[in-house]
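Quick mapping for you: the protein sequence lines, in order, are chains A and B.
Residue numbering for the first sequence follows the numbering used here, beginning at 1 and increasing consecutively.
Residue numbering for the second sequence follows the numbering used here, beginning at 1001 and increasing consecutively.
A few of these clues could be false.
[What the hints assert, rightly or not] Capping the alpha-carbon separation at 20 Å, the derived lysine to aspartate or glutamate pairs in EDC-like fashion look like this: (1) A:K12 x B:D1126; (2) A:K5 x B:E1117; (3) B:K1005 x B:E1017; (4) B:K1170 x A:D9; (5) B:K1170 x A:D23; (6) A:K17 x B:D1029; (7) A:K12 x B:E1116; (8) A:K5 x B:E1017; (9) B:K1025 x A:D4; (10) A:K12 x B:D1029; (11) A:K349 x B:E1017; (12) B:K1027 x B:E1017; (13) A:K17 x B:E1117.
It is worth saying that the hints were derived from the structure and are not from the lab.
What you are looking at is a predicted structure, and each value in this text was computed from that prediction instead of being measured.
If you want the building blocks of each chain, they are given just below.
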Amino acid sequence: MRPDKNIIDYMKSVRIKANARLDSRVHSGIDRALAESQQTIKVHMEPNRRRIFMKNPIRKIAAAAMVAITSTAGILFMLGGKPAFAKVIQPILHARTVVFDFFVGDEAASAVMHDEVVGSRIRRTFSNMPTVLVLDLDKGRMLTLDPPSKTAVYMDIQGPLVEGTRSIMKLVQDIVKEIEDNPGQVQDLGRREMNGRIAVGYQVKGYGTKLHIWADVATATPVRIELYGSQSVTVLKNIEFDVPMDESLVSMDVPAGYAEQKAELSMGNLTEQDFVESLRVWAQLINGGAFPDTVSVEVAMQQMPVLGAKIGQMNLSAEEGTKTGVAFGKGLGFLQMLDYQGEWHYAGKGVTFGDAKTAVFWYRKGDAKTYRVIYGDLHVEDVELDRMPK
Amino acid sequence: MLDDKLLIWQFNRGRVEALHRIYEKYKHDLVTLAASLLTDLALAEDVVHDVFIGFIRSSGRFQLTGSLKGYLSTCVANAARNCNKAEWRRRHGAIDEAEPPVSVADNPISQVVLDEEFGRLSRALDQLPYEQREVLVLRVYAGMTFAAIAAQQNVSIYTAQGRYRYALDKMRSLFMRSELKTVKLFPGIPA
Chain A
1 MRPDKNIIDY MKSVRIKANA RLDSRVHSGI DRALAESQQT IKVHMEPNRR RIFMKNPIRK
61 IAAAAMVAIT STAGILFMLG GKPAFAKVIQ PILHARTVVF DFFVGDEAAS AVMHDEVVGS
121 RIRRTFSNMP TVLVLDLDKG RMLTLDPPSK TAVYMDIQGP LVEGTRSIMK LVQDIVKEIE
181 DNPGQVQDLG RREMNGRIAV GYQVKGYGTK LHIWADVATA TPVRIELYGS QSVTVLKNIE
241 FDVPMDESLV SMDVPAGYAE QKAELSMGNL TEQDFVESLR VWAQLINGGA FPDTVSVEVA
301 MQQMPVLGAK IGQMNLSAEE GTKTGVAFGK GLGFLQMLDY QGEWHYAGKG VTFGDAKTAV
361 FWYRKGDAKT YRVIYGDLHV EDVELDRMPK
Chain B
1001 MLDDKLLIWQ FNRGRVEALH RIYEKYKHDL VTLAASLLTD LALAEDVVHD VFIGFIRSSG
1061 RFQLTGSLKG YLSTCVANAA RNCNKAEWRR RHGAIDEAEP PVSVADNPIS QVVLDEEFGR
1121 LSRALDQLPY EQREVLVLRV YAGMTFAAIA AQQNVSIYTA QGRYRYALDK MRSLFMRSEL
1181 KTVKLFPGIP A
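Produce the complete structure using the sequences and hints provided.
Dropping the structure here:
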């Protein structure tokens, strides 16, 4: 055989497959374009869109759901203890305040959240809605403020949500601590320009995941942290320490001019049943009777306005709408927990809601000997490893 | 081909789901093409993503004159070339004059992500001048004609053919004296 042909054959034999992360990014972009054409979604809303948005109850729904989705990334660190970091920069172990932006998945496609942290209190705002959340991590309470309607709602967030949120913040401090203690365990990622500044990156692996920390070379402080789950990435960026802040911003009191609405809502434990409910909402409400092509936190966050629009069309009461949003968010919170605590597979693309014979999702935590399998009619079974779909 | 024309017809009428199918149909080819041009999987993913997001904007007015795969491959090649220039500037520009250039394939992230076989190939491709690598990769992975590649590179067809020949010669010589011999390109020559 001719050597040239062998070279060509060899090259043809080496193929790279598009991975799930790229699939999700591209499909999300396409879905977003579709949604925009239907005038239902735009991550960074223009004023006219915002007015439409304010007419329906989606703000509270989405805010409640997103707090569930986005808080659980820190659970990894709660479970795994302190990740080992080496060399890094200037320790800031006692920052009184921390401010940062964070998002899940692709920045261009995701809603960005802005956190202002004072001790155990967090004020959270969003790029795609006017809602303000104030979280008290010590008491496991969340105050939801809706500026357009001047209403306020308290919610119980005890359990993994509050712990996950706390752990994200703890991580920021651990970064600095571990630099001092374990300088030999970090892999250098080199330098990269970030927003006009030169940052140096470090990688640490362990606990089934990896963590990238980028620090400003000039100021020697972390400016970006990337937490890699098995199928998602949560990014903290624009991190600043000891920013002067007005503590009234994190007050748990209802502000003057706001009316408190009583609601029996809890964002406590995240369970398999929550995820089943989120699949039901996704397939029945958002997707019109079919399971989505992919499930991910990133895509779910993009679907929030679509969900709000559907709820608006159904004329559900505010309470019913909020419960639906909470159910959706809690389920996705459970999915994100799985991202760090176990393994999961989704196969719902093309499956019709109600199909009792087709498995759409299966997962297991840790080294469990059986998978929990969710079928198209949302019944759940335990299945031995050797009986699992290949 | 008919299937592609149907997809484009649907795409131009606002059926964005047609784009999902186009992506699914060609995603592996395009990622392989981009990764071979850039020898960096993360950059390759960015390029493929950007090409598709850019492609959405042409809905309603896109006209397919050749093959859809060829069109998308050309888009990927153009985006990869721009990305490669930006990456070159980043590495050689004002970031750190004293820092020696580092092969993308030596980046620890890439090492983790790229599988071993692709790592070998990318190290070899990384040693080709970019224009030669582009001709070789477009020819092998995208199946483009020399005329199309020449138009894409804005050179004569003879120049494109020459670059292809130089690229193959260089690859052959690299394979002969490197660990790539282990892929047994040359039966009879001990690996």
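A quick look at each hint next to the structure:
| no. | hint | verdict |
| --- | --- | --- |
| 1 | A:K12 x B:D1126 | holds, 17 Å |
| 2 | A:K5 x B:E1117 | holds, 18 Å |
| 3 | B:K1005 x B:E1017 | holds, 15 Å |
| 4 | B:K1170 x A:D9 | holds, 16 Å |
| 5 | B:K1170 x A:D23 | violated, 35 Å |
| 6 | A:K17 x B:D1029 | holds, 8 Å |
| 7 | A:K12 x B:E1116 | holds, 15 Å |
| 8 | A:K5 x B:E1017 | violated, 39 Å |
| 9 | B:K1025 x A:D4 | violated, 29 Å |
| 10 | A:K12 x B:D1029 | holds, 10 Å |
| 11 | A:K349 x B:E1017 | holds, 13 Å |
| 12 | B:K1027 x B:E1017 | holds, 15 Å |
| 13 | A:K17 x B:E1117 | holds, 13 Å |
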